[in-house]
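Protein sequences appear in the order of chains L, U, B and F. First residue of the first sequence: 527, per my numbering; consecutive thereafter. First residue of the second sequence: 527, per my numbering; consecutive thereafter. First residue of the third sequence: 527, per my numbering; consecutive thereafter. First residue of the fourth sequence: 527, per my numbering; consecutive thereafter.
Quick caveat, the hints were computed from the structure, so don't treat them as lab data. Mixed in with the good hints, there may be bad ones.
Pairs count within a copy or across copies, as identical chains cannot be separated in the list.
To be verified - Keeping only pairs whose Cα atoms sit at most 25 Å apart, straight-line, the calculated DSS-like set for lysine-lysine is: (1) K877 <-> K820; (2) K877 <-> K807; (3) K820 <-> K960; (4) K883 <-> K820.
Here the structure is a predicted model, which means the values were calculated and not measured.
Protein chains: 4
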Amino acid sequence: MNVLLKGGTVVTHEETYVADILCTDGVIAEIGDNLSAADAEVIDATGKMIMPGGIDPHTHMQLPFMGTVAKDDFATGTAAALAGGTTTIIDFVIPSPQQSLLEAYQQWRDWAEKAHSNYTFHVAITWWDDSVASEMETLVEKHGVNSFKHFMAYKNAIMATDDILVASFTKCLELGAIPTVHAENGELVYHLQNKLLEQGVTGPEAHPLSRPSSVEGEAANRAISIAKTLGAPIYLVHVSTEEATDAIRYAKDHGHTVFGEVLAGHLVVDDSVYQDTDWGKAAAHVMSPPFRPKHHQDALWKGVQGGALQTTATDHCAFCAAQKAMGQDDFTKIPNGTAGVEERMMVLWEKGVNDGKITPNEFVALTSTNTAKIFNMYPQKGCIRVGADADLVVWDPNQSRTLSAATHKSAIEHSIFEGMEVQGVPETTLCNGKVAYHKGEIRSQSGDGRYIDRPTYAPF
Amino acid sequence: MNVLLKGGTVVTHEETYVADILCTDGVIAEIGDNLSAADAEVIDATGKMIMPGGIDPHTHMQLPFMGTVAKDDFATGTAAALAGGTTTIIDFVIPSPQQSLLEAYQQWRDWAEKAHSNYTFHVAITWWDDSVASEMETLVEKHGVNSFKHFMAYKNAIMATDDILVASFTKCLELGAIPTVHAENGELVYHLQNKLLEQGVTGPEAHPLSRPSSVEGEAANRAISIAKTLGAPIYLVHVSTEEATDAIRYAKDHGHTVFGEVLAGHLVVDDSVYQDTDWGKAAAHVMSPPFRPKHHQDALWKGVQGGALQTTATDHCAFCAAQKAMGQDDFTKIPNGTAGVEERMMVLWEKGVNDGKITPNEFVALTSTNTAKIFNMYPQKGCIRVGADADLVVWDPNQSRTLSAATHKSAIEHSIFEGMEVQGVPETTLCNGKVAYHKGEIRSQSGDGRYIDRPTYAPF
Amino acid sequence: MNVLLKGGTVVTHEETYVADILCTDGVIAEIGDNLSAADAEVIDATGKMIMPGGIDPHTHMQLPFMGTVAKDDFATGTAAALAGGTTTIIDFVIPSPQQSLLEAYQQWRDWAEKAHSNYTFHVAITWWDDSVASEMETLVEKHGVNSFKHFMAYKNAIMATDDILVASFTKCLELGAIPTVHAENGELVYHLQNKLLEQGVTGPEAHPLSRPSSVEGEAANRAISIAKTLGAPIYLVHVSTEEATDAIRYAKDHGHTVFGEVLAGHLVVDDSVYQDTDWGKAAAHVMSPPFRPKHHQDALWKGVQGGALQTTATDHCAFCAAQKAMGQDDFTKIPNGTAGVEERMMVLWEKGVNDGKITPNEFVALTSTNTAKIFNMYPQKGCIRVGADADLVVWDPNQSRTLSAATHKSAIEHSIFEGMEVQGVPETTLCNGKVAYHKGEIRSQSGDGRYIDRPTYAPF
Amino acid sequence: MNVLLKGGTVVTHEETYVADILCTDGVIAEIGDNLSAADAEVIDATGKMIMPGGIDPHTHMQLPFMGTVAKDDFATGTAAALAGGTTTIIDFVIPSPQQSLLEAYQQWRDWAEKAHSNYTFHVAITWWDDSVASEMETLVEKHGVNSFKHFMAYKNAIMATDDILVASFTKCLELGAIPTVHAENGELVYHLQNKLLEQGVTGPEAHPLSRPSSVEGEAANRAISIAKTLGAPIYLVHVSTEEATDAIRYAKDHGHTVFGEVLAGHLVVDDSVYQDTDWGKAAAHVMSPPFRPKHHQDALWKGVQGGALQTTATDHCAFCAAQKAMGQDDFTKIPNGTAGVEERMMVLWEKGVNDGKITPNEFVALTSTNTAKIFNMYPQKGCIRVGADADLVVWDPNQSRTLSAATHKSAIEHSIFEGMEVQGVPETTLCNGKVAYHKGEIRSQSGDGRYIDRPTYAPF
Ligand SMILES: [Zn+2]
Ligand SMILES: [Zn+2]
Ligand SMILES: [Zn+2]
Ligand SMILES: [Zn+2]
Ligand SMILES: [Zn+2]
Ligand SMILES: [Zn+2]
Ligand SMILES: [Zn+2]
Ligand SMILES: [Zn+2]
């Protein structure tokens, strides 16, 4: 089944023009004026924009974490993604310490079979010995993995100490893969959590106090410095602070290759949420790094505008109210995570494009193309040209919506964007050349998503 | 006559792949594997790179300046450009104070009729009244001009004072054109020149003393601040200092749209040249801004790597030894200018790519694509895709050369790059689909070059 | 008449200790334990702090400006100063363009005869010719002036253009005097004022729009760069923006001698005051530079803490409601100025010391010692030691007050600090060894103040 | 025995004036004009400067380290100090892991009995358990220790990992003591050392390669961030890089209390010394952090000028050629350390004051007063006033000398300042009111030095 998009304004990371687009066999077959195709489903895109499907480089579908499992699985989570214009997610394989990386990888591949959208995986390095190094090699050579994740927080669990960072970054460099980090100083978090609990501060309001911005700034700078010392590139996930943004900027200004990712949530939600007198609402916002005082939002937007931050993500990891309640008496036991894979692009359009902070071309770069380039999926993904995958979103810049858990596709009953008015929404999403979402309705099937191989040595 | 490039490695600002390219009727007709064309001249590009033809955004061919006229005219200068892989220059129309902009523009258009390469013009704003504003409008609407230049130096001549900057930037913003500036504080230069002459310091060694880096830093920051206050974008020509680079960076980090251009010369030549005991050699290097102490070169390269500086140029303005001698007794009378349009790309390849500072893709961005985008010639220029102009350079990364005035195409007897060994040279240059330069030989004719219209509202 | 302060805690810019202080003949005669003096007025300072009397480096008593004259004259203004713990002011001699500097200086000296507190003068350079240079010399050699002020704003009035700045800074350097600047780009202000008036925006809310922060940042950087180029030190009055603070920091970090002054008002009042629906209240806050968006306050405090800003002032220039009303139909005609000489130290204590931003020693440095050093009055002023002038304030850190126009000593009916609760107030102020203010009562007489000679070549 | 200094120019951190100084019973008894004292040794200081005796905050006399013991013991080392104008050193007690802090402290106190100059101790935290915390308390309360040192390098030996830093900084904050750090990332150093050895790079040229500047920048930022998170001040010893200086500056600009120390050696010696073909000469320069590429020197001087670096030290730890030879086959076994306690002030005068980078007042602050303030010995030390300790240096700014191992007092046969010409040398040094050094001759006795108690809660 072919699809013909008629009369839309094509918006890429660097161009804007009006054209028809014909999609055949999952790829873009033709771009031009007055295209026709006898057997194609025709979608009128007049007055709409056609952009590369979004890529969310940071999600955790059905993640087993903190004694429970995230509610959105690869089926519901990726359906939500498509409803938001996102056609590919990069999720995380997180082996337990001492677990085989390949075993964990296979587990996640199995879970992801039911995905609606395309997907691919970062693999976390949570421990170290020679077998880990060897399995990294296998993942790169046989399984299309080109990025490895390191948690600098979560002491006594999956924290990677400096010796692991040094060993793993060295291995990444050797393989042409890119190391990524969750940057928070785990020792400080551990110290502050214990101190707060000792002081009897046990509610969600303690969460941000246990992870102040300096904790992230420190780890960001450490990861970058280690990478720089070794000659490796580095990618920082969920940059949420002025300090970390400044650390990235400093490194870039000194000639180092470093990338920063920012979450839609951190760009628009501040730490006043943790003062909510409704425990459930406050707990619903518990994620790490936490939401921040407002001036960090300014810094993040400046980072987006100036080029320090190149990608936008969500860290989508959906826990419902019942799960959050596990931390009723101890904020350190509240499962960390919030949803957002569906809202990311709308939020970035509203607060970025509509507020005059970024152009539509920059929007495309930030939601799709830059991620495709950094993780070496470009120009198969993140791109509108003949031969590229037909992952596209038809965007209606004039349509408005009020974001709400009442209407989102995610399986949980809360939205960190609850009540936000946005103008500019996805009307239709094409994934692999098929209409996967159209005007509120999910048309794709569980299992339609494809796994994306990502070769090493991305050209940055 | 068609041209078929076989087996080359296509390098654009964002991709690298092997393909054949067929050029027909001045444009790229086909890109693919195993292309053939009965009537085409076939060029074997195996082992070579094919890149977009260079664009030099800053030249002054046959400029009437300081009582003489630059030696390289639009014929010799653009032939030199083609020999260096550059297929388009942006030259400057510089009206005298009180002269009609349209009249000056027409004069430069006439002069440029004899160009070998493509060309287009920035127009300088050297004075102000309502007629100037009105003629800016005409230039934009009728003549394809989208950029206006302002000299913040050259007091008592063409210097634009703050009131002119404010008025002209405001007009540019209204028209969707981009203001550009030569950033040096003219009052300080004037003061220092007079002081040095009073002290009896009259030789070329006084030139850099009369224009220290703080003089450029000041003006750069002023131009950017004025533009920012008015909401206009801004482009700084020939950024030569750490201070100006920092000023650009500061503005970008605070969300403003500002672009910086760096000259090949400033990246690799330092101010020790002014200490040459041979007056002629020292004088040959007199240009403004002058060559700088070495630490500025580090800062400029960091600016290139980190994104503060997006384009590379030459300020090609060739004066011969006899002309330089006009300032024998007074350094302020030495005609300011040096050549470089031919060497720019080789110098940037050698010191940028070969030294590991930039990738080949970044080289393309810096020598061609970024300029095409900023001055709104993209994707007609700066691009390799079907339908784009067939302005291409076949680059041999393995071939070496020693740069020298003895072998360059420029009409003058001096080269600021004299003796530099480079590996990586243009083997063949295609301009408008025709072989314009091949292995040392200029094949184009005077007059082959075309004027490029540049529409306003570039999408940055 | 001698005064003996018993049992207070002496706080200087670098020390804190308990001691008695005996003041005789206008100077500190003895510091020690268990002092006694038969004929001395004894003041019990137990539980109080004794600090050097404040020095306000920026006031305008009875200034003729914008068609009227500031209400607080040298009598009422300096009485207010004493009531606030300030024992010396540095006011400004502002010659009209073409007026003799000496003539203006004499005028101000005459006006100041009636001062209660000590005083000295910066002299403004509002025009330039050889006679100005010559009179600067006379002022330095014969009249104890070591600082000259330059207004970079107020086009068509007292604005100093770049040629004047270059000439005057050069002269200052030659004389060992320090140039100071009011840093706002006058051309931009003029352009924006006209544009706003043309758009029919005539109220006080237009005032900050006509002087955005970038206007100050530009001028700050320009003044610093000019000074740096010439090798002169520079002092920036009333730094009110992040941009200007950053410009100072950049210069200091690059080895240049630059000082920054911040007003108590800019540290604690933000630009929401211009939105007041009561025209009179909004107009009462009209001063230049204007109050700023809140994030500038953070930047200023950071500048204070990190050392970019060394002195605190008020720009005390009091206009009453009737005077403000002159700009009823045109915001550019509202006399620029606010009061504060009385509240400065209390505000800085409350928001600085009590809020944990600065220590009491830093408070002394910021309110007194640093100004004494920069303007070369140290250790005569700004100091507690035997032989120093007995200008002292007995500070009660436990006493609270609500600041209000209802109770202040200034002649006007408005206070920009109205309603602010402070804890920490001056209980007693000694000026020239006499009790000038005590528990709410002014004891000094008009004319008690002395003129302070300031020699050149301050040791910074 | 009293000493009367006649006619010298007194230079303190903030003042310069001519006066006589009478020293009695170890303290300054009188400062004034035309002083006389019947029983005093009179020293004519006409044309000389009198400054507070230098304080070197970082020495290691007779340190047991890397299998040997530093050659200069507390006798020879402190005699050298006095010959260089330094009257107090702060040395380091370095307990072995698991060793009692008190036991180690007592050991060092015993060793120091033979000192000529005054001395006091930082105590290193090289391991952690409750007893360490408890002994820190005892050291503070009973032994006048107010600073604790942490080595972030030297893995598998005395390295303090993040958990120790967090625990110890927290304890310091509780006690009012200041934590200090040797900032190098020990994991990276360890990794690079092993890699170099594996590659067969075993000579002194490998030393700087194993400790690149990013290794120091990382650790500096980490230590500062941890301190900032906990609310503690922090002092960085031997800052040798642009990165660490920038990290300090960043923290200070954001309101944190952080101090930086720079070694005389790092200010003037660069890393070309490791390329010396004479193994012994190269090895003689092995210390950590190593000497750096030249641009770091610029950055350090800028840090000194702008206030990021407040103290100067030497890390005096003298190993002779025979000791250095222990690392003949393995650079990691070359004992780390160089001498300098004698040359520090002369080097700083020559390259700082004579080169126009700092004023004589700043020289005093950098060599004495700032250290006295930070480590709470002011105004007993670092000060010239009645009642202060009579630790003074009579400085002859006109006398020249060539620094050389041939003439220095240190016990080793090498000087990193060999051959440096300096103008400005100590002529006479008074320690505790006695002439300890005069025109080349040591007059003090072993044991004349006193231990200095340093109370907590320094007023910064
Ligand atoms: Zn994370
Ligand atoms: Zn995550
Ligand atoms: Zn120019
Ligand atoms: Zn030019
Ligand atoms: Zn002013
Ligand atoms: Zn003023
Ligand atoms: Zn050390
Ligand atoms: Zn040490």
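Structure-based check of each hint:
| no. | hint | verdict |
| --- | --- | --- |
| 1 | K877 <-> K820 | both (14 Å within a copy, 21 Å between copies) |
| 2 | K877 <-> K807 | within (23 Å within a copy, 34 Å between copies) |
| 3 | K820 <-> K960 | neither (41 Å within a copy, 50 Å between copies) |
| 4 | K883 <-> K820 | both (17 Å within a copy, 20 Å between copies) |
Comparing the model with each numbered hint stated earlier shows that hint 3 is the single one that does not hold.
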